[in-house]
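The lines below spell out each chain.
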Amino acid sequence: MTKPGFSIVFFKDSGYRIILNIMGLMSKDIITTVDLPKEDVEEIMKQSEAMLLFLRDGRVPRLLKGKILATMFFEPSTRTRLSFTSAMLRLGGSVLGFSGTEGTSIKKGESLEDTVRMVDSYSDIIVMRHPDMGSSALAARIAKNPVISGGDGHNHHPTQGLMDLFTIMKEKGLRGVNVALCGDLKYGRTTHSLIYLLAMYGLGINLVSPASLRMPAEIVKEIKRSNGCEIREFRSMSEVVSDVDVLYVTRIQKERFLNISEYGKLEGSYRVDRKLLGKAKKGLIVMHPLPRVSEISTEVDGTPFAKYFDHAAYGVPVRMALLSLLLGKV
Amino acid sequence: MTKPGFSIVFFKDSGYRIILNIMGLMSKDIITTVDLPKEDVEEIMKQSEAMLLFLRDGRVPRLLKGKILATMFFEPSTRTRLSFTSAMLRLGGSVLGFSGTEGTSIKKGESLEDTVRMVDSYSDIIVMRHPDMGSSALAARIAKNPVISGGDGHNHHPTQGLMDLFTIMKEKGLRGVNVALCGDLKYGRTTHSLIYLLAMYGLGINLVSPASLRMPAEIVKEIKRSNGCEIREFRSMSEVVSDVDVLYVTRIQKERFLNISEYGKLEGSYRVDRKLLGKAKKGLIVMHPLPRVSEISTEVDGTPFAKYFDHAAYGVPVRMALLSLLLGKV
Amino acid sequence: MTKPGFSIVFFKDSGYRIILNIMGLMSKDIITTVDLPKEDVEEIMKQSEAMLLFLRDGRVPRLLKGKILATMFFEPSTRTRLSFTSAMLRLGGSVLGFSGTEGTSIKKGESLEDTVRMVDSYSDIIVMRHPDMGSSALAARIAKNPVISGGDGHNHHPTQGLMDLFTIMKEKGLRGVNVALCGDLKYGRTTHSLIYLLAMYGLGINLVSPASLRMPAEIVKEIKRSNGCEIREFRSMSEVVSDVDVLYVTRIQKERFLNISEYGKLEGSYRVDRKLLGKAKKGLIVMHPLPRVSEISTEVDGTPFAKYFDHAAYGVPVRMALLSLLLGKV
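Chains as they are written, first to last, in numbering that gives the first Met the number 0: chain C, 0 to 329; chain V, 0 to 329; chain B, 0 to 329.
Incorrect hints may appear among the rest.
Just so you know, same-sequence chains aren't split out, so a pair can sit in one copy or run between any two.
Claimed, not checked - Restricting the straight-line Cα-Cα distance to at most 25 Å, the calculated cross-link-like pairs of lysine-lysine (BS3-like) are: (1) Lys-143 / Lys-223; (2) Lys-64 / Lys-328; (3) Lys-264 / Lys-223; (4) Lys-278 / Lys-223; (5) Lys-220 / Lys-64; (6) Lys-278 / Lys-220; (7) Lys-106 / Lys-253; (8) Lys-280 / Lys-143; (9) Lys-280 / Lys-64; (10) Lys-106 / Lys-281; (11) Lys-280 / Lys-169; (12) Lys-106 / Lys-220; (13) Lys-278 / Lys-45; (14) Lys-171 / Lys-64; (15) Lys-45 / Lys-171; (16) Lys-281 / Lys-220; (17) Lys-264 / Lys-143; (18) Lys-264 / Lys-45; (19) Lys-253 / Lys-274; (20) Lys-37 / Lys-107.
Everything labelled a hint here was simulated from the structure, so no lab data went into it.
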């Protein structure tokens, strides 16, 4: 989908039922968070808030009745796929698609371009996950309908970034909040999408990772250049836990390490438990894009620090907001 | 979902359109048939009858419009999964979920608890099949929404038990009926769920199985203790076929036998064919939870004995009843 | 489903909103194109045209609200499965089913007959793909509801044939059009379904294939006998490209050849590129049932010859027409 060259965003603060905007996001694609204008992000946050209220009321308007979302998952996913599905169904729309390439024409050698053209003609909007970096952008160029990336390789996962931002906004607000991104920052695409949004709102950015899994240098450079913000780096969570308001934890995959003993040594520095949180700043929240394996001890689950399940639940209103905005039904 | 501590059940016998009840089942979980109160079973039978009439009329009220059923199938299933899906769609609701663990975050090492929490936040009611005994009860403790077990290992399959009971009720009534449960009673979870319901209604219970595949002793003991009913045991179907009104046949899996020749010897005693049915009591019906392999000869299909396909079709109204009752929309 | 013995077809040419017909196709099965009466084909074309207009308007009547389509795909498919799904959803209906036999009761040894009986009781209409020739006809005999074949082995793929015909009608009309079917005509089931429709409308039929992959002799003989039409055969596309109006290209699978060097020699004669099209008759269109691998060079994609993507998109209105006609909702 080509993006319209012109967009006027218009806000009303008088309650969640009156959201007027002159279709700033309509028909756009959501591929990364890098080039997303702040007006669009604000519109998404606003609309997400409205959707959250509808969900809590149990009365969601069937804005997308008759519309079809195509879910093209070339790679495993439950969370992203099911939360988009839930979002579409809540709004009265329908869903079709595939999950995994078994039993698809991709197995017969069809090109991604041809597969996208086909699915585009069967639906009104596409969400796609694919292992190759840049595949979402390619799909967006081909498709007539809006394309939302559900993750392309190690590159980006923009809707996760948006629901991360929404979670921070709901739980801590967006003023003077200090955030630590922790774990595998090299391959962790959710952190690549979130960091641009943190910079956009001027939040404090702290990067905590093993030396071999640092945030890609070009991302750090670009953010420093365009936002002029300071980014601090650390090697263990215990160094930041008493200073930050948000501990955003990601999984470190054993497979990333050639040397298993090196992994063993690191593991402890990237694990959240009651001991670590004993030193936490007052009001600190722990977030995680999930699934978690052992990065967060289950002993944290019942504590006020634990916001990772609320975080996951926010995925539905944020994706409802995106679907309705991109389809121009608000 | 925690169950409400108090429930008043109220019945009217004046036709299928007027079913009033003060939400006896609303928000409950259906995990086994062991602790299901008789009022609840009666409510389900009543509501199933109503749903059957709606289906025959071709005019089903869209009671569950806007509601989402999540189907979490960690193990293969077509019948249970598709009949729940059909039931939900017939009532105007929608369905999301997964079938098999390929392509899910379980493969990435996510715990069952975390997966349930996620799916719970995307839906209004869950049906789950999982290979581990007790997994359904665990899911029910975690989820905020009602959980229905679609089978947990060799333990229970309560909705199959309920549709078995409904089939007997529709085809033979529930007074003075003599039932034989035949085949693999050790691992056959459908018989574990059905036997409690037979006892609840005081139906005659006959158990027909190889010695190595007998109904677990603790189940037999518990039923004798709590219901004071008599349970008779046999080793071949020919011993009971002239006495019983219902022959409930299950599959004996070859894999259960270490010694293949032992299996060969037994097979004949657990196969329903015209020869066996030549000695049948007048009006006897043959039921099977399906899929069948060779336990029932296809030569029986066209005869008046064969009720296994009607039996399967009753799965839809019974599941419609459950979904609508648990969601409080009747 | 048994077909009604009597049908009156009634046409009005006064626009797409007034389509009256006395249910010629209602409750029929669509298994092959061989015995499809011309009245039925005309009814389908008419209704497809109407559906196309609804889709372009963006206002499709929800004719199939409350109806359930079952998709039984025993073999991989994305295009056929998703376009049927899209068609059903566009008309306000719902879809359930399976894709691949992993996780189905077929894996437990259930017969096709039993699986069909089950799915039939959960839905209102079935579309099935199965690797065995004749399986669709078997399913149609068993099911109470209409069955549409989505391809049975190398036999037939009738709905593809109908959307091929619709594409030719829309792009070239149905008078005096000369068509070349090219590639693997032995195993290519789409060409087996299309050739009967070409003969029905008296279109010119040219067969272009390697000697080892010729159209089955019995099909050619039957068509010559019943339609008295002429069928010409060729060994390379360059022999026909300047004479025909439609180049219908199918994939030649490497696996069909024992001798890989033989395949290599042939490949060039069955590949559409700009060079071949330099000799094309004015107005020639290239069609392909897709997925394509290398039979059509991507350099053709942007040219006026390329109609294969429009062709694929026509699948939705044609399948909408079929679903609504067979369910008697027009």
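Self-check item: Structure versus earlier hints - violations, ascending order
Solution: Per hint list: 1, 3, 4, 5, 6, 8, 9, 10, 12, 13, 14, 16, 17, 18 and 20 violated.
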